[in-house]
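Residues per chain are reported as follows:
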Amino acid sequence: MQTVFSIGVDAFAYGMVLFVISIGLSVTMGLMRVVNLAHGAFAMIGGYIASYAARDLGLAYAVAVMLAIAGTILIAIPVERLLYRRIYGQSELTQVLMTIGITFCIIGIANYVFGPTLKTIPAPDALRQPISLGFRTVSAHRLFVIACGTAVALGLWYFIERTAFGVKMRAAVDNAAMAAALGVRTEVVYAVSFAVAVGLAAFGGVVGAELLPIEPYYALRYMVTFLVVVSVGGAGSIPGALAACLLLGAIDTTGRYLMPEFGEFFFYLAVIAIVWLFPRGLAGRAE
Amino acid sequence: MKKLAIAALAAALLGGVAHADIIKVGVVGPFSGPFALQGKNFKAGIDAYMALNGNSVGGDTIEIIYRDVPTADPAQSKALSQELVVKEGVQYLAGFYFTPDAMAATPLLEQANVPMVVMNAATSAIVTKSPYVVRTSFTTWQTSTPIAKVAFDGGTKKVISVVSDYGPGVDAEAAFKTGFEAAGGEIVEAIRIPLQTNDFSPIMQRIKDSGAEGVFAFLPSGPTTLGFVKAFNENGLKEGGIKFFAPGDLTQESDLPALGEAALGLTTTFHYAVSHDSAENKKFVEAAAKAIGNPAELSFPAVGAYDGMHVIYKMIDATGGEQDAAKAVDAVKGLAWESPRGPVTIDAESRHITQNIYLREVARADDGTYYNKEIQTFENQGDPGLAVVK
Amino acid sequence: MLSGSDTLSVTGDRRARLTRDAIGVLVILALGIAGYFLFPNNLALLTRITAIALLVLSLDLVTGYCGVATLGHAALFGAGAYGAAIAAAHFGIADPIAMLAVGIIAGSIAGLVSGVVVLRAHGLPQLVLSIAIIHLAHEAANKASGWTGGSDGLAGIMPDAVFGLWQFDLWGRTAYVFGIVLLIVVFVLLRQIVRSPFGMLCRGIRQDPVRIRAMGGSVHGTLVRMYIISGAVAGAGGALNAISTQVVGLDSLSFTLSAEAMVMLVLGGTGSLYGALIGTLAFLWFEDVVSAANPFHWLTIVGALLIAVVLFAPKGLYGSLASYFEHRGRKNP
Numbered sequence: 023m024q025t026v027f028s029i030g031v032d033a034f035a036y037g038m039v040l041f042v043i044s045i046g047l048s049v050t051m052g053l054m055r056v057v058n059l060a061h062g063a064f065a066m067i068g069g070y071i072a073s074y075a076a077r078d079l080g081l082a083y084a085v086a087v088m089l090a091i092a093g094t095i096l097i098a099i100p101v102e103r104l105l106y107r108r109i110y111g112q113s114e115l116t117q118v119l120m121t122i123g124i125t126f127c128i129i130g131i132a133n134y135v136f137g138p139t140l141k142t143i144p145a146p147d148a149l150r151q152p153i154s155l156g157f158r159t160v161s162a163h164r165l166f167v168i169a170c171g172t173a174v175a176l177g178l179w180y181f182i183e184r185t186a187f188g189v190k191m192r193a194a195v196d197n198a199a200m201a202a203a204l205g206v207r208t209e210v211v212y213a214v215s216f217a218v219a220v221g222l223a224a225f226g227g228v229v230g231a232e233l234l235p236i237e238p239y240y241a242l243r244y245m246v247t248f249l250v251v252v253s254v255g256g257a258g259s260i261p262g263a264l265a266a267c268l269l270l271g272a273i274d275t276t277g278r279y280l281m282p283e284f285g286e287f288f289f290y291l292a293v294i295a296i297v298w299l300f301p302r303g304l305a306g307r308a309e
Numbered sequence: 004m005k006k007l008a009i010a011a012l013a014a015a016l017l018g019g020v021a022h023a024d025i026i027k028v029g030v031v032g033p034f035s036g037p038f039a040l041q042g043k044n045f046k047a048g049i050d051a052y053m054a055l056n057g058n059s060v061g062g063d064t065i066e067i068i069y070r071d072v073p074t075a076d077p078a079q080s081k082a083l084s085q086e087l088v089v090k091e092g093v094q095y096l097a098g099f100y101f102t103p104d105a106m107a108a109t110p111l112l113e114q115a116n117v118p119m120v121v122m123n124a125a126t127s128a129i130v131t132k133s134p135y136v137v138r139t140s141f142t143t144w145q146t147s148t149p150i151a152k153v154a155f156d157g158g159t160k161k162v163i164s165v166v167s168d169y170g171p172g173v174d175a176e177a178a179f180k181t182g183f184e185a186a187g188g189e190i191v192e193a194i195r196i197p198l199q200t201n202d203f204s205p206i207m208q209r210i211k212d213s214g215a216e217g218v219f220a221f222l223p224s225g226p227t228t229l230g231f232v233k234a235f236n237e238n239g240l241k242e243g244g245i246k247f248f249a250p251g252d253l254t255q256e257s258d259l260p261a262l263g264e265a266a267l268g269l270t271t272t273f274h275y276a277v278s279h280d281s282a283e284n285k286k287f288v289e290a291a292a293k294a295i296g297n298p299a300e301l302s303f304p305a306v307g308a309y310d311g312m313h314v315i316y317k318m319i320d321a322t323g324g325e326q327d328a329a330k331a332v333d334a335v336k337g338l339a340w341e342s343p344r345g346p347v348t349i350d351a352e353s354r355h356i357t358q359n360i361y362l363r364e365v366a367r368a369d370d371g372t373y374y375n376k377e378i379q380t381f382e383n384q385g386d387p388g389l390a391v392v393k
Numbered sequence: 066m067l068s069g070s071d072t073l074s075v076t077g078d079r080r081a082r083l084t085r086d087a088i089g090v091l092v093i094l095a096l097g098i099a100g101y102f103l104f105p106n107n108l109a110l111l112t113r114i115t116a117i118a119l120l121v122l123s124l125d126l127v128t129g130y131c132g133v134a135t136l137g138h139a140a141l142f143g144a145g146a147y148g149a150a151i152a153a154a155h156f157g158i159a160d161p162i163a164m165l166a167v168g169i170i171a172g173s174i175a176g177l178v179s180g181v182v183v184l185r186a187h188g189l190p191q192l193v194l195s196i197a198i199i200h201l202a203h204e205a206a207n208k209a210s211g212w213t214g215g216s217d218g219l220a221g222i223m224p225d226a227v228f229g230l231w232q233f234d235l236w237g238r239t240a241y242v243f244g245i246v247l248l249i250v251v252f253v254l255l256r257q258i259v260r261s262p263f264g265m266l267c268r269g270i271r272q273d274p275v276r277i278r279a280m281g282g283s284v285h286g287t288l289v290r291m292y293i294i295s296g297a298v299a300g301a302g303g304a305l306n307a308i309s310t311q312v313v314g315l316d317s318l319s320f321t322l323s324a325e326a327m328v329m330l331v332l333g334g335t336g337s338l339y340g341a342l343i344g345t346l347a348f349l350w351f352e353d354v355v356s357a358a359n360p361f362h363w364l365t366i367v368g369a370l371l372i373a374v375v376l377f378a379p380k381g382l383y384g385s386l387a388s389y390f391e392h393r394g395r396k397n398p
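Chains as they are written, first to last, in my numbering: chain A, 23 to 309; chain B, 4 to 393; chain C, 66 to 398.
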């Protein structure tokens with residue numbers, strides 16, 4: 023019984039980590055309809071900035087996180103203006119080509135600037151303590167990530183469903199011409215949405231770095247994982263993405279505990295099964 | 004077709020006679036992609052050797068040509084090796100980080116009259132694939148066997164083995180199991196985990212539940228090792244007194260800054276530590292650190308490459324710069340020298356390097372950095388894995 | 066949704082199409098011969114390009130002609146490669162033609178399985194299904210190391226001489242000629258297939274599946290059949306790879322190879338066999354040149370190339386070229 027609880031805790035924590043790192047991609051793919059394979063690259067940039075700020079400059083963790091988000095958005099703005107703007111509304115394959123190109127470039131530049139070694143982001147002492155849950159200990163950092171995940175989920179849901187900007191954003195995505203005719207400045211809406219997505223990517227990259235450490239190849243190494251959880255959830259749906267992350271996290275963790283030899287099979291067979299049952303994703307809308 | 008081949012072969016042979024030539028060495032390795040760091044170390048080792056020993060042997064100038072195979076990709080490795088031989092006209096093939104890449108190129112050697120100096124790929128069987136293969140690195144069997152003895156002698160009788168599910172991992176598991184059971188220990192469980200594993204918490208739970216007193220681990224260096232070691236600490240296994248044994252790939256120096264405190268006290272056995280205390284190593288580290296730029300990135304592939312260049316220089320010397328693979332390989336059989344890692348010999352029969360294997364522990368230096376501290380030496384270790392291949 | 070140049074093969078009468086096909090074959094043949102004599106020392110690379118070209122052609126059949134998005138197409142290629150390699154290494158079937166046949170059959174079976182799974186969904190979920198397939202295939206090959214050699218790769222493939230006459234040599238001449246002949250045969254067959262009523266039905270499905278269904282066509286059945294054909298082509302490519310390099314590794318069943326094939330196809334232009342060939346040639350040649358020039362930082366330059374293509378040739382190299390000439394042709398008839 024204790025083992026079951028223990029696996030449950032691990033599964034929940036892993037699912038939340040997946041959620042925090044991937045949710046930005048759900049925004050670009052689901053709300054902006056861009057297959058953004060460079061999502062991991064932006065998460066990685068965030069991680070590098072935070073690592074540089076916290077480790078080399080010795081700044082506080084919270085400051086490093088803020089700097090990472092701000093810095094990544096700053097870098098992403100010209101990329102959005104010059105490159106992404108050209109592929110809005112284009113075919114998926116064109117978007118794949120462009121964003122893979124961007125990913126390659128960012129990997130090459132990161133390798134050149136920071137070198138190929140792993141970079142860590144030193145967390146404050148409070149987050150490094152193991153915390154006892156009675157039947158087992160769990161690292162404080164995991165609890166912190168769970169809290170972050172919850173906050174992001176609620177905040178994003180509120181932002182999209184309840185604010186005026188969220189309404190404009192959904193309108194611009196569903197019918198850009200109509201929204202523009204009604205006075206919505208779609209270019210601005212897209213730019214802000216992109217900034218939100220990139221900011222979330224950077225935040226996820228920093229917070230998730232304990233599990234997915236920062237190195238130049240990060241951008242490609244975890245690309246598939248991000249793509250899978252977001253699509254299984256149904257791109258653009260926050261509850262869907264959360265459900266997918268928790269479900270896949272649970273399957274992955276349980277599989278790895280019970281039969282580590284076949285861990286990879288468990289995960290991908292589950293993916294096929296879910297998509298087979300829900301061909302539009304867990305929370306996908308009919309088109 | 005046949006005539007053409009003979010003509011070309013004749014031309015190649017004639018070309019080899021001329022003196023004061025440029026002798027080309029083709030190096031295949033991962034210079035970009037996820038293993039770029041290891042490729043960078045190849046280059047640093049080669050650069051260091053050439054900086055210390057000059058770039059010419061007997062009037063012939065040595066030129067290195069690099070070719071990139073980012074991840075294990077035998078087809079690409081073979082195509083590039085072939086290109087190096089027929090287009091660039093290299094007299095020596097060297098490098099090879101991954102076993103399949105080395106295996107793919109071995110069928111070329113005899114026909115091309117080119118020796119291959121393996122600077123890393125660590126599966127025992129490679130040297131048996133062609134009489135023209137010489138290896139200056141190590142094998143997973145060679146570095147994993149002594150740790151079994153260390154574990155048993157240290158009082159650990161029950162061990163769980165956890166390895167990544169790929170060639171080297173399976174090799175390490177077999178090597179440790181053989182050594183540990185021969186000593187009288189018990190492997191309570193042997194787990195193979197997928198290469199792509201991000202969260203190691205379930206594995207740690209599994210280790211706890213197995214009731215083992217120690218864990219033997221082998222995973223590829225980089226993110227996987229970092230995740231595993233962190234999880235080992237965070238889930239309270241280290242505090243719980245579970246011993247940690249591994250070959251030294253896990254605590255390679257370039258990963259130590261990231262591993263940090265989590266790695267403190269981990270015991271590993273390996274053929275080389277950057278901290279090895281000898282005059283030869285000081286000289287090497289100084290030159291290699293200069294070549295690589297950032298001394299913290301220096302790691303074991305550099306010494307394999309450095310000694311590989313030593314072997315190639317000896318081969319060029321022995322053949323007088325002529326292309327004669329058989330003569331070149333014969334010349335280094337039984338060759339003994341003082342390497343940065345300690346005294347080494349190329350075993351005349353297997354053409355694999357015989358060397359000391361060291362037991363090390365990760366320790367903190369006075370300046371706050373971490374290093375592998377050598378605490379015990381197993382002298383003149385051959386490759387026990389060869390017995391299994393045959 | 067997908068860019069293409071359907072107009073090319075719809076316009077013009079049958080005779081003009083045949084002429085164009087003949088010209089196409091002649092161009093490939095001429096390039097093949099030119100490659101043999103101009104780059105006698107690069108034949109291994111050229112053979113590799115030929116094998117990958119078969120994979121990209123095969124991908125074009127399902128992506129360009131049927132509109133199926135997949136990032137797992139290497140499963141078909143790898144099935145062919147391992148099929149041929151296992152036949153040679155474990156069953157002693159060392160005749161290259163027989164190995165090719167085994168590869169084609171293995172590829173077709175993999176095509177059938179992938180097709181049935183992938184066609185279940187559309188859009189992103191479809192992409193994810195294809196990713197799941199390639200990972201499962203990769204992991205299965207890693208597990209079955211007794212048959213496949215696992216991560217060490219399957220070596221010890223020693224193909225006999227072609228028709229007992231031409232040995233596979235160090236310079237890769239035989240393998241190259243073998244590959245070019247194979248490519249031309251496949252190309253001619255595919256030209257026939259994509260122009261046949263069956264091929265037209267596939268294009269129709271890509272453009273409007275609902276209408277095809279309303280007309281009484283079987284959408285699913287047609288696409289699965291195309292997937293099997295695609296598997297045969299990719300399997301041939303895999304077998305060629307196994308025969309020419311004599312070793313097969315897990316990379317031939319990797320997500321990376323699948324994604325690269327997709328990049329090459331989009332680079333050349335989807336929905337046209339020429340686009341697939343041009344994309345493969347351009348990408349691999351460019352990659353070889355830059356990675357030889359700078360083995361350490363070439364990835365950045367390849368990335369810049371991809372971005373440039375999207376910006377300046379959004380229909381792919383061939384697609385943009387074709388529409389440019391078409392445009393000019395219309396201006397001054």
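Any given hint could be a false lead.
[Said to hold, decoys possible] Listed next, with one range per pair, are the computed distances between beta-carbon atoms:
| hint | chain 1 | residue 1 | chain 2 | residue 2 | range |
| --- | --- | --- | --- | --- | --- |
| 1 | A | 103 | B | 281 | 51 to 61 Å |
| 2 | A | 283 | C | 223 | 31 to 41 Å |
| 3 | A | 134 | C | 80 | 53 to 63 Å |
| 4 | B | 372 | A | 100 | 35 to 45 Å |
[To be verified] List time: in silico DMTMM-like cross-link candidates among lysine to aspartate or glutamate, alpha-carbon distance up to 20 Å:
| hint | chain 1 | residue 1 | chain 2 | residue 2 |
| --- | --- | --- | --- | --- |
| 5 | B | 317 | B | 350 |
| 6 | B | 90 | C | 234 |
| 7 | C | 208 | A | 283 |
| 8 | B | 241 | A | 283 |
| 9 | B | 180 | A | 147 |
| 10 | B | 132 | C | 325 |
It is worth saying that the hints were derived from the structure and are not from the lab.
Note that beta-carbon positions come from the ideal geometry of N, C-alpha and C, so glycine has one too.
Hint by hint, here is what the structure shows:
no., hint, verdict
1, A:103 x B:281: 51 to 61 Å, "holds, 57 Å"
2, A:283 x C:223: 31 to 41 Å, "holds, 33 Å"
3, A:134 x C:80: 53 to 63 Å, "holds, 56 Å"
4, B:372 x A:100: 35 to 45 Å, "holds, 38 Å"
5, B:317 x B:350, "holds, 15 Å"
6, B:90 x C:234, "holds, 15 Å"
7, C:208 x A:283, "holds, 9 Å"
8, B:241 x A:283, "violated, 24 Å"
9, B:180 x A:147, "violated, 39 Å"
10, B:132 x C:325, "violated, 31 Å"
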